[in-house]
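Working from the sequences, and respecting the hints, build out all of it.
Protein chains: 2
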Amino acid sequence: MNHITLPSDFALTTGPFPGSRKHYLTTTSGLQVPFREVTLDPSAREEPVRLYDTSGPYSDPSARICIEEGLSRPRDAWVLARGDVEAYDGRPVQPQDNGNVGPAHAVPEFPLQRRPLRARDGKAVTQLAYARAGIITPEMEYVAVRENLGLAKARETLSRDGVPFEADIPDEITPEWVRAEVAAGRAIIPANINHGELEPMAIGRNFLVKINANIGNSAVTSGVAEEVEKMVWSIRWGADTVMDLSTGRNIHHIREWIMRNSPVPIGTVPLYQALEKVDGIAENLSWEVYRDTLIEQCEQGVDYFTIHAGLLLSHIPLTANRVTGIVSRGGSIMAKWCLAHHRENFLYTRFPEICEILRAYDVAVSLGDGLRPGSIADANDAAQFAELETLGELTKIAWQHDVQVMIEGPGHVPMHKIKANVALQQKLCGDAPFYTLGPLVTDIAPGYDHITSAIGASMIGWFGTAMLCYVTPKEHLGLPDREDVRQGVVTYKIAAHAADLAKGHPAARLRDDALSRARFSFRWHDQFNLSLDPEKALEFHDETLPKDAHKEA
Amino acid sequence: MNHITLPSDFALTTGPFPGSRKHYLTTTSGLQVPFREVTLDPSAREEPVRLYDTSGPYSDPSARICIEEGLSRPRDAWVLARGDVEAYDGRPVQPQDNGNVGPAHAVPEFPLQRRPLRARDGKAVTQLAYARAGIITPEMEYVAVRENLGLAKARETLSRDGVPFEADIPDEITPEWVRAEVAAGRAIIPANINHGELEPMAIGRNFLVKINANIGNSAVTSGVAEEVEKMVWSIRWGADTVMDLSTGRNIHHIREWIMRNSPVPIGTVPLYQALEKVDGIAENLSWEVYRDTLIEQCEQGVDYFTIHAGLLLSHIPLTANRVTGIVSRGGSIMAKWCLAHHRENFLYTRFPEICEILRAYDVAVSLGDGLRPGSIADANDAAQFAELETLGELTKIAWQHDVQVMIEGPGHVPMHKIKANVALQQKLCGDAPFYTLGPLVTDIAPGYDHITSAIGASMIGWFGTAMLCYVTPKEHLGLPDREDVRQGVVTYKIAAHAADLAKGHPAARLRDDALSRARFSFRWHDQFNLSLDPEKALEFHDETLPKDAHKEA
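Taken in order, these protein sequences are the chains called A and B. For the first sequence, this note's numbering assigns the number 786 to the last residue and increments by one with no breaks. For the second sequence, this note's numbering assigns the number 786 to the last residue and increments by one with no breaks.
Check before you lean on any hint, since a few could be wrong.
[To be verified] Derived lysine to aspartate or glutamate pairs resembling EDC-like cross-links, with alpha carbons at most 20 Å apart:
1. B:Lys769 / A:Glu716
2. A:Lys769 / B:Asp714
3. B:Lys386 / B:Asp404
4. B:Lys652 / A:Asp394
5. A:Lys652 / B:Asp394
6. B:Lys386 / B:Asp401
7. A:Lys769 / B:Glu716
8. A:Lys652 / A:Asp401
[What the hints assert, rightly or not] Per the computed footprint, the stretches of chain B lying under chain A, defined by three or more beta-carbons under 8 Å from a beta-carbon of chain A, are:
9. 547-558
10. 575-587
11. 647-661
12. 667-679
13. 759-770
[What the hints assert, rightly or not] Far from chain A, by Cβ distances over 12 Å, these chain B residues were calculated:
14. Asp309
15. Ala337
16. Gln346
17. Lys356
18. Ile369
Because the hints were derived from the structure by calculation, they are not lab data. Built from N, CA and C at the ideal position, the CB exists for glycine as well.
Okay, structure coming up:
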């Protein structure tokens with residue numbers, strides 16, 4: 234890492250969690266699927282507890298980590314073996330891709346260059362296309378083993394217990410079952426063919442509830458190592474996907490460093506980079522700039538794009554009497570463009586063309602909710618639901634093009650209006666996975682919006698939302714630091730897990746029960762090691778009580 | 234304060250919140266009811282926002298605070314005016330009341346002594362008795378003005394919006410309506426006749442959802458000033474009642490200091506002090522020691538007692554196969570006593586006598602849930618619901634004695650099992666107010682249990698729980714410090730407010746809307762001042778963004 238400037242206090246966070254070890258299961262076709270295993274005190278006479286593991290090789294002491302080389306790329310072989318892709322000379326990197334940054338502020342380029350892959354002869358190389366064709370891909374097999382975690386054990390020891398609403402989680406996750414869920418559009422496996430470093434995962438209401446963490450550079454911090462560390466830190470605490478919402482300079486290069494070091498799917502909002510390319514002037518956006526940005530990011534391996542294609546010119550007047558107007562950044566940009574040109578949103582009119590591009594790389598589309606409510610007062614209003622109806626239309630178009638799709642949702646919603654969001658989304662969007670931000674259940678607690686939103690997130694996850702986008706304590710106020718990211722991710726792991734329990738996921742309770750047994754037997758370290766944040770639990774325990782007196786009390 | 238030893242870093246927290254002033258409304262009969270008013274930036278052209286205020290005189294810059302004198306006692310006149318009480322020579326303080334503390338460790342006695350009041354000639358001096366007799370007390374009038382907050386304004390500007398379940402919140406809270414709710418047993422006004430410093434408040438599903446904060450001394454900290462400050466600190470952030478769970482030495486004296494300086498109802502678990510009096514040996518507890526402790530605390534002015542009278546000998550075997558057995562401290566103590574003597578719980582057999590005592594001082598009973606589940610695995614089990622059935626019986630006995638009663642609830646419950654708790658409690662306990670601890674919706678996040686429990690608390694509050702007992706981040710791990718108490722209280726204010734919104738409390742949304750308008754207009758300081766924790770919001774805002782650049786962005 235000799236040509237990366239590291240801040241003096243910087244270190245990549247690696248190594249296992251206390252009491253845990255990395256464990257790999259080998260699938261029938263030889264894939265290595267990672268888990269975390271917590272070993273308990275011998276007095277417990279219990280098997281190690283196997284946990285879902287998002288942290289990638291960073292938590293494996295035997296892995297060699299060099300961010301200049303990136304992670305290894307086992308998936309390249311899977312992609313190439315399908316025989317439907319070709320390497321080509323990618324789009325050259327242009328100065329505007331990095332905000333025309335001068336040499337003084339430029340971050341280094343990722344050292345290794347690869348020719349990108351794309352579909353050959355207009356073929357669909359998406360997991361959806363394979364699933365529909367009856368093909369079980371290695372990605373599906375990997376997901377099945379990963380999600381099957383604990384189900385066999387749960388079958389032996391626990392009876393079914395939960396209120397699943399529309400969810401239907403089987404007693405065993407088979408590769409064929411994963412294929413069927415993807416084929417039906419009820420689940421997606423975001424997995425760009427150019428993201429060879431990926432450990433595949435699924436997003437769907439019949440799988441474990443997932444969470445996303447947002448990262449991104451800012452004017453203040455934009456070092457490459459710091460940005461990679463933000464991603465590593467997020468997945469260490471349990472983020473299933475990471476969205477890179479960087480703006481400003483060095484955006485292309487930083488994304489490349491993140492992609493090459495990320496074992497989780499990376500999502501972006503391509504509109505943000507497109508806007509940078511037209512100097513931040515929304516009116517100057519064009520299909521050509523946007524299209525070029527899509528291809529740039531497809532080639533880098535981004536796994537899903539948020540695209541605000543559902544905000545129509547005719548929806549904008551519906552926001553006139555709102556308390557908080559349009560709060561989605563993407564939504565505001567597109568509303569500005571529509572009003573300036575008095576034309577229909579080009580992301581809507583060009584949506585079939587967008588899908589053609591996405592299917593050549595298998596980038597999933599996350600249909601953005603540009604009109605999501607920004608306050609309790611605006612929840613479930615005409616603007617929000619008009620856009621949702623359009624998202625339903627676009628879902629069908631994406632599916633016609635074999636493109637995987639999920640749907641973004643609110644925002645700010647009081648508890649009694651949450652269920653209606655899920656019901657309408659499922660109805661209008663044909664059961665495509667729902668991906669929500671919170672929702673925050675009150676507006677009165679800036680500084681605590683990880684909590685106001687976790688309440689809504691737990692409930693909407695229970696009702697059937699497949700992925701929850703985290704909110705940190707700094708929401709509405711500033712940019713999150715490391716501690717905020719940790720708070721946000723752990724809080725959302727709570728929400729996702731509470732939802733799994735309430736849905737009656739057959740294996741979810743195994744961890745609660747193991748921890749509760751440890752608590753009841755005063756096996757303090759087992760309790761800490763089984764918790765979502767063992768370091769915090771240990772720190773809090775030692776802070777106020779004498780060390781040994783109470784530990785075996 | 235010359236003979237109180239103050240730690241060097243100690244200061245009583247006083248003064249108004251930023252942007253706020255204390256405002257008193259005068260009732261028709263001349264009572265002064267406090268509110269907090271937030272003044273907005275003139276550019277908003279909005280009226281000040283009036284908020285419910287639990288903080289007492291401590292937030293009033295014009296109030297003279299001297300903890301050696303205690304707060305003023307306007308309620309004495311109300312109580313005496315009823316002509317049904319008498320002053321008498323109270324029970325003398327005994328060495329065992331303070332854990333036989335020696336002079337070296339004794340805290341000073343509260344300087345002012347008063348003869349306690351009790352009911353004359355066996356009269357019932359409870360708010361319930363008055364309500365049933367058709368009498369509107371000053372306490373009821375006070376509560377009506379206090380709760381009526383914003384309802385008139387809401388009627389003008391907002392349409393009804395919510396899912397109230399069994400709640401039925403009127404458009405205007407009249408004293409007569411408060412009386413009727415108390416008479417029906419659906420609400421209580423905890424108000425010991427010896428707590429003259431009290432600012433009365435109501436707990437009931439048709440009122441604003443309330444929260445309780447627990448405080449208490451420990452081996453490490455037991456200074457008088459610190460204990461008073463814990464109470465002041467809790468109510469500053471919004472605790473509606475405070476439970477003093479002190480154990481060990483100085484317990485009587487510290488409670489006296491707290492009572493004399495508390496504007497909110499104080500609750501206790503008399504069993505804890507009774508146990509101290511028998512040197513911590515549960516088997517040695519007796520009705521005589523317990524009865525003596527009740528009278529001691531009744532005379533001091535404690536407003537409600539948690540009494541674990543519902544745990545029967547026959548329930549104990551139902552816990553045998555639990556993952557976490559009996560986790561309630563009171564429950565464990567009584568189970569131990571029952572098993573040691575193989576006799577029925579004396580709190581159950583003596584319950585009519587207990588009620589006779591309570592009605593002479595108007596102490597409300599909070600029927601403890603000694604068998605509440607301590608883990609997800611044990612939620613809603615036979616032990617828990619058997620005890621709840623007994624609590625239903627005891628509710629009727631309390632009511633026969635004109636004693637106000639509420640019912641304590643769990644604990645640890647996954648989301649899908651929360652509603653059943655409220656439904657069963659309402660059915661078995663004839664709509665007596667429900668008072669729950671959380672519940673925590675998962676066991677896997679020690680260090681974050683304010684959050685796991687706020688998720689459950691929000692939902693159970695929505696479903697009809699009247700008061701939520703806070704949980705701090707240190708739950709299961711250690712004793713909370715000041716920052717933990719703040720986190721716990723603010724988190725529970727979020728839960729209570731989210732519940733009010735979802736129930737469709739007509740005025741709840743006024744604060745959300747005012748804050749959201751401030752947010753949308755970039756009136757940053759209005760946003761901070763309207764938030765539950767203005768200091769945190771300001772601190773987070775300044776931490777990462779340039780000071781002025783973004784404030785008016």
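Tested hints:
1. At roughly 15 Å between alpha-carbon atoms, lysine 769 of chain B and glutamate 716 of chain A fall within 20 Å of each other, so this suggested pair holds.
2. Pair hint lysine 769 of chain A plus aspartate 714 of chain B holds up; C-alpha atoms about 15 Å apart against a cutoff of 20 Å.
3. Distance restraint check for lysine 386 of chain B and aspartate 404 of chain B: the Cα-Cα separation of roughly 10 Å lies within the 20 Å cut-off, and the hinted pair is therefore satisfied.
4. Using a Cα cut-off of 20 Å, the hinted pair lysine 652 of chain B and aspartate 394 of chain A holds, with the two alpha carbons roughly 15 Å apart.
5. For the proposed pair lysine 652 of chain A and aspartate 394 of chain B, the alpha carbon gap of about 15 Å is at most 20 Å, so the pair holds.
6. Between lysine 386 of chain B and aspartate 401 of chain B the alpha-carbon distance is near 19 Å, which keeps this suggested pair within the 20 Å criterion.
7. Annotation: proposed proximity of lysine 769 of chain A to glutamate 716 of chain B holds, straight-line Cα distance about 15 Å (limit 20 Å).
8. Restraint check: the Cα-Cα separation between lysine 652 of chain A and aspartate 401 of chain A comes to about 18 Å, which is no more than 20 Å; the hinted pair holds.
9. Look at the segment 547-558 of chain B against chain A: 3 of its residues bring a Cβ nearer than 8 Å to a Cβ of that chain, three or more, so the hint holds.
10. Using a Cβ-Cβ cut-off of 8 Å, 0 residues of the segment 575-587 of chain B lie near chain A, which falls short of the minimum of three, so the contact claim is violated.
11. Three residues within the 8 Å Cβ limit are the bar, and the segment 647-661 of chain B against chain A gives 3, so the coverage statement holds.
12. By the rule of at least three residues with a Cβ nearer than 8 Å to a Cβ of chain A, the coverage given for the segment 667-679 of chain B holds, with 6 such residues.
13. Residue count for the segment 759-770 of chain B with a Cβ under 8 Å from a Cβ of chain A: 8. That meets the three needed, and the coverage hint holds.
14. Once the 12 Å rule is applied to beta carbons, aspartate 309 of chain B is consistent with being away from chain A; the minimum gap is 36 Å.
15. Once the 12 Å rule is applied to beta carbons, alanine 337 of chain B is consistent with being away from chain A; the minimum gap is 21 Å.
16. At roughly 35 Å from the closest C-beta of chain A, the C-beta of glutamine 346 of chain B stays outside 12 Å, upholding its exclusion from the interface.
17. With a cut of 12 Å on Cβ distances, lysine 356 of chain B stays outside the contact zone with chain A, its closest approach being about 44 Å.
18. Every Cβ of chain A is farther than 12 Å from the Cβ of isoleucine 369 of chain B; the closest lies at roughly 32 Å, confirming the non-interface assignment.
Going through the hint list in order, the structure does not satisfy hint 10, though it satisfies all others.
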